[in-house]
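Engineer: The primary structure of each chain is shown beneath.
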Amino acid sequence: MNIWLTMLFGGILTFAMRFSIIYLAQHITLPNRVQRALRYVPPAVLSAIIAPAILLPNGTLDLHLSNTRLLAGLVAIVVAWFTRHTLLTILAGMAALFLLNWLL
Amino acid sequence: MNSAKQMFWAGIRAEIPLLIGVLPFGLIYGALATGAGLSAGEAQAMSTILFAGSAQFITAEMVAHATPAMVMVLIIAVVNLRHLLYSASIAPYVQNLPTRWKALLAYLLTDEAYATTILYYKQNGATPLGHWFFFGSGLALWSTWQVSTALGIFLGAAIPESWSLDFALPVTFIAMLTPMLKGKPVIAAALSAGITALVAYALPFKLGLILAAVVGIGVGSLLEERA
Chain V
1 MNIWLTMLFG GILTFAMRFS IIYLAQHITL PNRVQRALRY VPPAVLSAII APAILLPNGT
61 LDLHLSNTRL LAGLVAIVVA WFTRHTLLTI LAGMAALFLL NWLL
Chain E
1 MNSAKQMFWA GIRAEIPLLI GVLPFGLIYG ALATGAGLSA GEAQAMSTIL FAGSAQFITA
61 EMVAHATPAM VMVLIIAVVN LRHLLYSASI APYVQNLPTR WKALLAYLLT DEAYATTILY
121 YKQNGATPLG HWFFFGSGLA LWSTWQVSTA LGIFLGAAIP ESWSLDFALP VTFIAMLTPM
181 LKGKPVIAAA LSAGITALVA YALPFKLGLI LAAVVGIGVG SLLEERA
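If you're matching them up, the sequences are chains V and E in order.
Residue numbers for the first sequence follow this note's numbering, so the first one is 1 and each next one is one higher.
Residue numbers for the second sequence follow this note's numbering, so the first one is 1 and each next one is one higher.
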């Protein structure tokens, strides 16, 4: 029973956060500074998720060449930079990691 | 003028590349949740009620460690704090919609639906049918998340670890971030957020992620103001 209550209350709080400003924006105007700052949400959040995933594979900083996630991440960055193609980038990154793990 | 149907499909199409990263993530969640002791029904219900990948992973982990319900609810809220930022960021584009639309779109507002939708709104502004794009992206993601959760619940243990499926999500985010890196403020925002995330990684409950986002947003805005 506990898990159902947890999910219910957790779900309500999550929805409340997603809904809050979407709903309130009609009644309040966000200041220009805030609106400008919000443009940096996507790059900041994405980068904050990516960096630990490739640089802290086991929870500690790993800059060695044996860190296959870092190498595969770099492959993905290069492919993304030159092709700007989402699907190609994902496939290249996953294939690179698989190959590197197999080789190293 | 585009029809609602066309916009809906455009939203789905924009989401498809991201689904390739989400599908394995859902598989892993399903496997992990049942492994943590949740029943198939509970694991699946969490995907519909919470509908938030990382919070679900952490909840499954907490269930395995018999964490008190109050603590779990609080942690879910903290892990999902970033959705406040998404809500604020999307709000100007949907403010003229009826409340029931806002509620539906808010329920679908996850990392991946936000990513495609904010890109659309930035390129096209607040178009009269833009919410259909949002709805298409969100629904495509929602369906994929439900199906991949179910698949993970039933065949999770059979997926070889050597496939490193958990890497699909960061790689998807790399594919989304790299093309955004134009101009000093954005690059500085991404770099400072990345470095903060590394330094603050040890903080509990993904607080490091939230701190990193705040630092990145601050650095980007400051540089833009000075330019």
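Treat the hints loosely; a few may be bogus.
To be verified - Here are the computed lysine to any residue pairs in the SDA-like style, where the Cα-Cα straight-line distance is at most 20 Å:
#1 K184(E) to R36(V)
#2 K184(E) to A92(V)
#3 K5(E) to Y121(E)
#4 K182(E) to A227(E)
Hint data in this document are derived by calculation from the structure and do not stem from the laboratory.
On a predicted model such as this, the values are computed, not experimentally measured, just so you know.
Engineer: With reference to the structure, classify each hint as holding or not holding.
Structural biologist: Evaluation of the provided hints:
no. : hint               : in the structure
1   : K184(E) to R36(V)  : holds, 15 Å
2   : K184(E) to A92(V)  : violated, 27 Å
3   : K5(E) to Y121(E)   : holds, 17 Å
4   : K182(E) to A227(E) : holds, 14 Å
Violation of the numbered hints given earlier is confined to hint 2; every other hint is satisfied by the structure.
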